[in-house]
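Asker: With this note's numbering applied, the sequence shown corresponds to residues 2 to 105, in that order.
Keep in mind the hints are simulated off the structure, nothing from the lab. As the structure is a computational prediction, the values presented were derived from the model and not from experiment. Do not take every clue at face value.
Claimed, not checked - Cross-link-like lysine to any residue pairs, in silico, SDA-like; alpha carbons within 25 Å at most:
#: 1; residue 1: Lys42; residue 2: Met55
#: 2; residue 1: Lys42; residue 2: Val74
#: 3; residue 1: Lys42; residue 2: Val71
#: 4; residue 1: Lys67; residue 2: Pro44
#: 5; residue 1: Lys42; residue 2: Glu54
#: 6; residue 1: Lys42; residue 2: Thr62
#: 7; residue 1: Lys67; residue 2: Phe52
#: 8; residue 1: Lys42; residue 2: Met73
#: 9; residue 1: Lys42; residue 2: Asp29
#: 10; residue 1: Lys42; residue 2: Leu30
#: 11; residue 1: Lys42; residue 2: Arg80
#: 12; residue 1: Lys42; residue 2: Asp53
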Amino acid sequence: MTAANLAVSARNEELAAANLQLTRTNQDLDNFVYAASHDLKQPVNNLAGLFDEMRQSTVFTDPEEKELLVPMVDDALRRWPPPSTTWPPWAKCSASRIWKPKPW
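Based on the provided sequences and hints, a complete structural model is requested.
Answerer: Here's what the structure looks like:
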């Protein structure tokens, strides 16, 4: 019985070490996804700012052109980032850390 207990204890220690390593790896991956989402966020914020400035300072000579272009740009910016439901499972991070776009 002692040999069996020692074997089980040794195996439990191996599993605990493997679990710790997996936990660290998952945290590293979570941090990577979080950083990558922020790296993608800034260019979109820059575009949103540019288009907001354009909306305020541009005078369209053709009202139909304004009715076509402004909603098209607004819709494109509203759809970014893509919903997390379309991300592959490996790209999802903790729900509390997923970036949510600010409303216009």
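Asker: All hints are to be evaluated individually against the structure, with a verdict given for each.
Answerer: Cross-check of the supplied hints:
This hinted pair checks out: Lys42 and Met55 have alpha carbons roughly 20 Å apart, not beyond 25 Å. A distance of roughly 17 Å separates the Cα atoms of Lys42 and Val74; the hinted pair therefore holds under the 25 Å criterion. About 21 Å separates the Cα atoms of Lys42 and Val71, which keeps this hinted pair within 25 Å; it holds. Restraint check for Lys67 and Pro44: the C-alpha separation of about 24 Å stays at or below 25 Å, so the hint holds.
Distance restraint check for Lys42 and Glu54: the Cα-Cα separation of roughly 18 Å lies within the 25 Å cut-off, and the hinted pair is therefore satisfied. With a CA separation close to 33 Å, the supplied pair Lys42 and Thr62 exceeds the 25 Å bound. With a C-alpha separation of about 13 Å, the suggested pair Lys67 and Phe52 falls inside the 25 Å cut-off, and the hint holds. As the CA atoms of Lys42 and Met73 are separated by approximately 20 Å, the hinted pair is consistent with the 25 Å bound.
Taking the CA atoms of Lys42 and Asp29, the gap is about 20 Å. The hint holds against a cut of 25 Å. This hinted pair checks out: Lys42 and Leu30 have alpha carbons roughly 18 Å apart, not beyond 25 Å. Between Lys42 and Arg80 the alpha-carbon distance is near 12 Å, which keeps this suggested pair within the 25 Å criterion. Restraint check for Lys42 and Asp53: the C-alpha separation of about 16 Å stays at or below 25 Å, so the hint holds.
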